[in-house]
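One letter stands for each residue in the lines below.
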Amino acid sequence: MAFPRSDVATPPTGTEAAPTTVKIVVAGGFAVGKTTFIGSISDIEPLSTEAAMTEHSVGVDDAGGQTDRKTSTTVAMDFGRIALPGNLWLYLFGTPGQDRFLFMWDDLVRGAIGAVVLVDTDRLDQSFPAVDYFEARQIPFVVAVNCFDGVARHQLDDVRDALAVPEAVPMVYTDARSRAATKQTLVMLVQHAMRRLGG
Amino acid sequence: MGVGGGEASTVTQADGAGAPPEGDYSYEERTVRPYAMTGGRTRPSGDVLPIEALVSALRQPTAQQTVEKRRILELSGSQYVSIAELSAHVHLPVGVVRVIVGDLVDEGSARVHSTATQNPTHDPATTLSVLESVLNGISAL
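Just so you know, the sequences run in chain order P and W. Each number in this note's numbering corresponds to the 1-based position in the first sequence with 10 added. Each number in this note's numbering corresponds to the 1-based position in the second sequence with 83 added.
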């Protein structure tokens, strides 16, 4: 790489202004397909980062007895990026949906367009914390039921009842592997966020 | 703040902290170390940088800088890179990257670009027009 002067780096893209960045949070339980969802539409291979490293009490899952051990914990967070016309970069951040990861969400959702709560109907309980969280903080979100086999096994209304999701929250079937389905889910979220702004 | 050479030398001597992570490096062994690179700070001096904020280098890395600072300046020298991407590429937690980037900004070595929601003209109309662009952009994918 050639630099015009030894002590001055070339600006990243010449005179082009820095892209405006926006983000959407993809929340959901373990192995529900968050990274697949992000990867289906991202320009880059989903990357993984550590969102937090905090010393706090963590109950050890299913270990029986060994709880509240003081430990450092790390949370891997996968994310992707989509370049959009108008020099916009949309980041998609996947975040674990379990209660014990909620401490890192406040940081993540600040300034986010909204969230997609990805749901596996076999493990609905894993979606409760995310639904509660976004509702309590009035963050626009949609519930996307991931159809693993491409077959909708549950009526959306049943899922809505089970999760106690208000009528105003859009619900949709999606397929995390499908770029078209992911795109449709994101479109639905952005439209919902715009309605919430009175647009 | 904290631009002096004293800080830099402390950091470089932090138990080989600058060495790239090795393949079989157990994560547990590494869990406390990264904050040694930030002098124990977990927050940058100013506002907390959004994870999607883009960083661009203003100067080339120098030999006096820590390995982490050099890596960040290299990565952000030819393209805009977000805090999240820096974390992934440099293998450091987001909190640590924030602190180091904050120091680079204080030194005048890098700048951080504001995100859509940090825009000084942040008002509903602006937000709505950004959302409209996002909507049109995604729809056209």
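Take the hints with a grain of salt, since some may be wrong.
Computed footprint of chain P on chain W; a stretch qualifies when at least three of its residues, placed anywhere within it, have a C-beta under 8 Å from a C-beta of chain P [said to hold, decoys possible]: (1) 136-143; (2) 147-155; (3) 170-178.
Just the calculated beta-carbon pair ranges, DEER-fashion [what the hints assert, rightly or not]: (4) D189/W with A174/P: 19 to 29 Å; (5) T209/W with R147/P: 35 to 45 Å; (6) E26/P with E215/W: 16 to 26 Å.
No lab work stands behind these hints: they were computed from the structure. Quick caveat: nothing in here was measured; it's all calculated off a predicted structure. Think of the CB as a built atom: it goes at the ideal place given N, C-alpha and C, for glycine as much as any other residue.
For each hint given before, does the structure comply? Return the numbers of the non-compliant ones in rising order. 2, 4, 5
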